[in-house]
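2 protein chains.
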Amino acid sequence: MSYTREPVQAMSKPAVVLLSGGLDSATTLAQAAAWSYDLYALTIAYGQRHRVELEAAGAVAAQLKAKEHLILEVDLGRIGGSSLTSRKPIPKRRRSEEIGQEIPSTYVPARNTIFLSLALGWAEVLGAEDIFFGANIIDYSGYPDCRPEYVSAFEKLANLATAAGVGGKAHYKIHAPLISLNKSQIIKLGMSLGVDYSLTHSCYDPWADGSPCGDCDACILRRKGFAEAGICDPKIS
Amino acid sequence: MSYTREPVQAMSKPAVVLLSGGLDSATTLAQAAAWSYDLYALTIAYGQRHRVELEAAGAVAAQLKAKEHLILEVDLGRIGGSSLTSRKPIPKRRRSEEIGQEIPSTYVPARNTIFLSLALGWAEVLGAEDIFFGANIIDYSGYPDCRPEYVSAFEKLANLATAAGVGGKAHYKIHAPLISLNKSQIIKLGMSLGVDYSLTHSCYDPWADGSPCGDCDACILRRKGFAEAGICDPKIS
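Here the protein sequences line up with chains A and B, keeping their order. Here the first sequence is numbered in my numbering, starting from 2 and rising by one per residue. Here the second sequence is numbered in my numbering, starting from 2 and rising by one per residue.
These are computed hints drawn from the structure, not numbers from a lab. Be a bit skeptical, because a hint or two may be false.
For identical chains, the list gives no copy identity; a pair is met inside one copy or between any two copies.
No more than 25 Å apart at the CA atoms, straight line, and that leaves these computed lysine to any residue pairs for SDA-like [said to hold, decoys possible]:
no. : residue 1 : residue 2
1   : 170       : 145
2   : 174       : 153
3   : 174       : 143
4   : 170       : 148
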């Protein structure tokens, strides 16, 4: 597992980057680009309430010159268990200190495991050894599948699960470069890497026209991050 | 991880069972039933060449009285890398001793990791702690994601990945009850548990009417298993 900010010496090696279209994954994609990886962006249409973030992912992938942007469909709404894939209410207007104290209804069971598994499959086909995702444990919602011990366990699994890993042709690394950054640090990093945050989408529960609700945890953490960074959010300004 | 044949003391606990519609997964489902689990059968339509095995899975789930049979779609053909999801040729007419020596083109990158991840998500929603799959390392094709060390690594991950696992509400167990059995032992076990093998489908490359080709690795291993068990395969007899 690698979640430092030190540059990896990569000479146009391919990397699969999970890209939701949100602020964290856009920054992660830019970080992989800055580390000279060829970008293969993977977005999962998992039955989330809205398609706005899929469009955002496409715009971010294009801006950061991904070699390929693959959108895979798997309807996790059929499994249920989350307010993000159902009509259950999404928590609103919580104080930022409350967020992350308990796992909220926006938790999607096994989501990152499902997403990383799909990324691993694509990585093996591409001959990529590096998988990036935007997990973060500072300004986050308290999801268990964002923590360093989880990332390490997935990396171990990846090398046992695949023909390339077992055969010694690849040693998979799961990169979570944002894991120990707070939201304002992520934003500052992304700005320095040229991310256009006006293209990103964070809100869990946007209005019909795609504009953010302003009240969900994702909106609150985003607003706090931009405020602390002393930068206007280009998405809403 | 549990892959012994000893009965688990289960009093109608729910279990998620991965069910492809093949011989091994049907036997695994019957084993979970015999151990008194309530069966939640999960089949993944992953873009395999044919839909015959999905119909087989439905028939097996019904015969073994699964409480629910969920078919989830995720098109792994978009990722590629396998003859099972593309037009690449499928190995034919190999000697049974050859099978399992090398990983063949029928390997689907990260398939079991993707399938177990989806099973884990459903298990968490159902409040199930037990996940069964029909991995086997004796008469098998040599896939890395069937080995005991892989199964153990996934079990460890499952307990780090989920709100229920981390919160102590669940301790996930990945059961691979067939892992050390050869094909004839699996068939004898299944017969003793009342599996109707005429409903199952093993062939990688069936004819247009759904009948097995007889020449692919899956057909060869199945034929050898029935021959060694001294039982006629009800599918083809």
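Discussion item. Please sort residue 174 with residue 143 into within, between, both or neither, judging by C-alpha distance up to 25 Å.
Written reply: both (23 Å within a copy, 24 Å between copies)
Worksheet item: How do residue 170 and residue 145 come out at 25 Å by Cα distance, when the copy is not named: within, between, both, or neither?
Response: Close across copies (13 Å), not inside one copy (31 Å); limit 25 Å.
Worksheet entry | Up to 25 Å CA-CA - residue 148 versus residue 170, copy category | Between. Shortest inter-copy distance 18 Å satisfies the 25 Å Cα cut-off; intra-copy 28 Å does not.
Discussion item. Cα distance capped at 25 Å. Does residue 174 pair with residue 153 within a copy, between copies, both, or neither?
Written reply: Both: 9 Å inside a copy, 20 Å across copies.
Violation of the numbered hints given earlier is absent; every hint is satisfied by the structure.
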